[in-house]
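**Student:** Chain residues, written in single-letter form:
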Amino acid sequence: MKTLRLTAFILLASVLAMAVDLPTYTVRLQAAPDGSGQGIATIALAGCTPGTFNLPLGFTAVQDLRVEEPASGIRLESSERNGMTQLKVTLPPDIPAKATLKVSFRLKQVFQIVKLKPGEKSTLPATSRTFKHAFVNTQEYLIGAYRVEFLFPDGLMAQAIREQLPKPAKNEVGPRVLLSKVDGHQAAILQFNKLQQGDDTSMIVELVPTRRSFGWLIAGLLLGGLYLFKFKDLVATKQP
Amino acid sequence: MEKMTLSSKTREAQSPTEQWMRYLGFPGGILLFLLILYLPAGAGLSAGAQAGAASFALALVWWVTEPFPTYVTSLVLMFLLLVTRTSNAKAIMDVLGMEVIWLNLLAFILASMLVKTRLAKRMALWLVVRFGHKASWALLAFLVLQLVLAPLIPATAARCVMTLPLMIVVATIYGSTEATPNNFGKNMMLLNLACISVLSSITMTGSSANLIAVGLIQNMGGQRVYYMDWMRVGAPVAILTMVLMWILGQKLLFRMKPEEQVPQVEGGLELVKKQYELMGPLGFQEKKAIAIFGLVLFLWMTDIFHMRWFGVEISAPFAALLGAVIVLFPRWGILSWAEADIPWHLLIFSAGAYAGGLALDDTGAAEWGVRMLFGGMNLKGVPFGFTYTVVISVMMYSHLLTTSKTVRTLIMLPIIITLAKALGWSPMSLALPAALCIDWVVGLPISGKPNVIMFSTNQYSVGDNFKYGILTCTIGVVILVISGATWFHWLGITPSFWAVAP
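For the protein sequence lines, the chains are A and B, in the order given. Heads up: the first sequence is residues 1 to 240, going by the working numbering. Heads up: the second sequence is residues 1 to 502, going by the working numbering.
These are calculated hints, taken from the structure and not from any lab test. Where is the CB? At the ideal position from N, CA and C, for every residue including glycine. Hints are not guaranteed to be accurate.
What the hints assert, rightly or not - Reference excerpt, derived from the structure (chain B facing chain A, CB under 7 Å, subset only):
no.	residue
1	I30
2	L34
3	A43
The following block holds chain B by itself, in its conformation from the complex (with noise of 0.2 Å):
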């Protein structure tokens, strides 16, 4: 409970069916790099677009299967990009410089000194000892504080690092640790996973590509959403999705056995309640971590006045930086670099898979795959509710597909705009709701920055994620669906689900 550290090691095959897995799984992804690349060129792709394609899959094997660890899986796809000239060597090797993975190196040297100062212990005990009589409502607890979390942190990778200390120090009271993970820090991890996903949508500030489809949606579509627009859409599809996340994963993808449902501390919630009274009050330590953390999240709120404030934006990596530089200023200061627990494992997976992610963008594969899954689709004249459950479908799931909510917003919006209006419907009616799927990125480990950062606690498989993702959003798109013929049509967003344009 005192440490948090995430493991480098590849976690052990559970089942015949992963060890299987495990073995068929190398030459597998071999053969789809094989299939992929020696395949006959679309017309609309190039042969780098579908190198880097060929290469994306096997990588995707292998993070699926793996063979080898996340991070070699990573460095394999980074030499595979620049041996089929899919990228050149600068821009693969400007990935590990990116913001995203300054702001996972930042914030685990903030995670470290809540780890340190016995904050993170402190929190999680008394989450246990308030909420924690029965897991569900520990995991319900956890909903709601990333529910309050979602709307006042738009940096999702933030609010990730900032609570995963405390889940890894409940799971462990729950009994789920790295070495023997169970189902409730299956649950536990997966359900914080797709909070702080989905529950972004809640706000049209909630990510920075939310504002960006906002922005497509003015200039492309001509229609304006306010901020209250967005929200009265967007929050009951999210909160309800969550809310049926957190009943569904306990009773049906990863069900809890009894002794899994209270603390597995000897002692039980007794010794919990103990330990809670023995830490006393808060330490000198405790206060100073949480008034640099104060600090950060302060600048992480606030950031549209900086401008006004500093002449400046301090943006969420920067704000992070300051936080480090406190933490680690000798004397004054609360950790020694060597304390700072960095997983540069995590990192150089991340870069991996970014690496990868942009290569599919920039040479058009994932934009060609967009194309061709519409293009392929005869939408004229059908019913609005069938165009309207075909886009909301698409781009549900195309998160699959790439890494960046920037990148799919910019390549999926102008279609779906343009879709709208060549079928003779408003804009907004297709664009709004594919908009609030935007931010459900929680199907692969590599899908968005907090679930490469998850799923290094390693109480999770590939294939859990995917499970939990899977149906995440599938619940998603039915709920979506229903709303866009019911609330959405009574707010005047959607026109009749029957409806067929002249």
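Only chain A is shown next, with the shape it has when bound in the complex (with noise of 0.2 Å):
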């Protein structure tokens, strides 16, 4: 019994000892036309002291997931929790204050993929793609600058941005969710500041083909002309 308690009191005060700052979490994910993806955590920790913690990833169904910069003999394990990959990070004894974690996955199905019940109406055109993204900050670390870069694939683009919370607060200038262009393509941009434990944000972007159907020209055309012959008496000369 002794020994068990003390086992657990050396537990918790390397838990309790163990420190790190986070102030920057950028994530960087690029779909591709087949519906994969394939991410990169980029993760900048400060202050850092030995120890172990969980960082939730924001991502489910989670492939080849690898550390592409090992830095300063950090070491990483996933794991599932509601559904969502969580990477548990052990920092070593030798850890300097300052380390970037950069770790890349796969990602099977990036868009979201909604099974219709028969006889149940589609809220969305067949061509649509949705992309969703939620990230608990489910760890006690503030996290700094927390930013996801979704990059379409090509030949689709952004209908709208059905989903950006939580809301800006009254000194935040800008947008939750930024569209913009990162390394050539169309991308949502997702930026929330200082992430305290508990806190969430979220964005939904819906996508359409880039091209547009020919219809509206075709039927604008068919119009206008048909209204400039109709209507000449508009401007004909009146007879006296």
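Got two chains here, each in a separate frame; can you build the complex from them with the hints?
**Tutor:** So, in structure tokens, the structure goes:
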């Protein structure tokens, strides 16, 4: 019993003593035309002391998880919590105060797949794709700046940002989700600063094919032509 | 003079140019729609925003050239917003339930009361008898009236609706009717329109958007704007501009013929005097109308005390709603529902315009446009005066792109405050003068609530409105720039125009 208590005390002490700051947490996810995605998460660590902490990744069904930048002997294990991938990060005893952790991963399906029940009405056109991302800071350390760059596959563009949470505070300039260009691709960028434990942020983006239907062109030209023909009298010279 | 009907008929094309505009406006609108829709999308713009901008551009061309009545164009716009997936059905339909639409509807019931009891006629005749020896003095009387009302009633639509019956009756006395509009009517309507909007910038309580701007300057810029800070910069600019527009409207834009400068009722001013005398003392119904209108006016003016007095705020539409209940009350009221002249076509036009404007805001198209405008300019290291002029000009003319002062404020002010900080200027030096432009929404019939109401009088065209509005805004920019270099600098708000930030 004594040994057990001692072990528990040592474990608790190590956890309590462990400290780290996360000034930035950036995820770049490049979607491919087939719906798969390749992601890279770059996490800056500061004020590091040895110990272990669990870092949420904010994605499900992550494959091929790999440490790209094995910074200063940091060890990484992945696990699932409430269906979300979580990284168990172990900082070694000789960890420097500042380090960077870079992790790559693959997602089999980036877009949300909605299976309609028989007779159920679809809320989106068949050509639309929906990307949904939600992140909850489940660990105790503050994340200074959280940023997700979702790069659209070739041939698709944003139809609309369907959700962007939380609503920007009064002192925040610009929207929560911004459309921009990253590495030659249109991208939706989610940004949220100072994520405390329990804070969450999310975005839903609807994508549609870049090429628009020619229906508008044909209908517009037809209508315009028909009007010019049928309403000629508007400018006809009046006979005395 | 006894009626105030706002017709739903399209104004007749008055010149060959207008006829051609109508003929070519329809395909022109479609071509612009297709052009914007099929343009390669900018990286910062969604397909929904692009389609929204295309639909709004089409509606704008049709509103200006009028191939259809304006309310039909609004209905087309609402349909386009749905089928291009810019907005969803609920968002589009909900616009008809917006506060502004309710306020318009209820205010027209109150205006019908003023017309039925002949109170509007009595006040108009008094105005003409007192100031109508010359048309320009009659116009000046309206400028003074709007100047007095502006600090008392913050709701511009309410101010517009309460003075509209007077405008229509006075315009009729000077021979300007819906069927035969003349330059007196144009001056009367457009001067009032500009006064209603521009004079709201005299005080920081002149509109809710002004208060939002004050809040943003405090929260984001860290500088407090007091009531007098705002007034001593806002009042001279607004009043001087309107006095100049009173002169320029008559002398430059819409010169009045000699016969338009005197009352055109048979018998001239003498008959007007006689008619006024014939009306006799105030009747019971007129007194009742004054009492009801006084109650509504009292509630509009005292809204900041409502919470303390009643434990609830009675907003402008609800004050008008209370007035409408009394007016329509059986036996004790003044009007029956059938006598209330509610211009539904105008409400549909407003709904379409607001649906389009909101779509531009919600999809981020308006914000994208503003960011592109500022992002395309390198203002680092240039003298303050240049940056100041650019900011004021963009703020002033950006009202042509949106229909909501609040949304425009929420988009523009944070960008301007951030820009000021990034360039090394005090946020107040750019943000306060820019905030003075918030209420100057005078360029188009869809730029603001009073614009929508006034346009339905059919006394001027979209082109007339645009000419008058742009001249007003340009004079405003010039006065603001001169003030920025002198008056505001002496007050310590702006640095020297030649100063370059370190």
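**Student:** Look at each hint and say if it fits the structure.
**Tutor:** Here's how the hints hold up against the structure:
1. I30: Holds - the Cβ of I30 (chain B) comes within 7 Å of chain A, reaching about 5 Å at its closest.
2. L34: holds, 5 Å
3. A43: With a closest approach of 3 Å, the A43 (chain B) hint holds.
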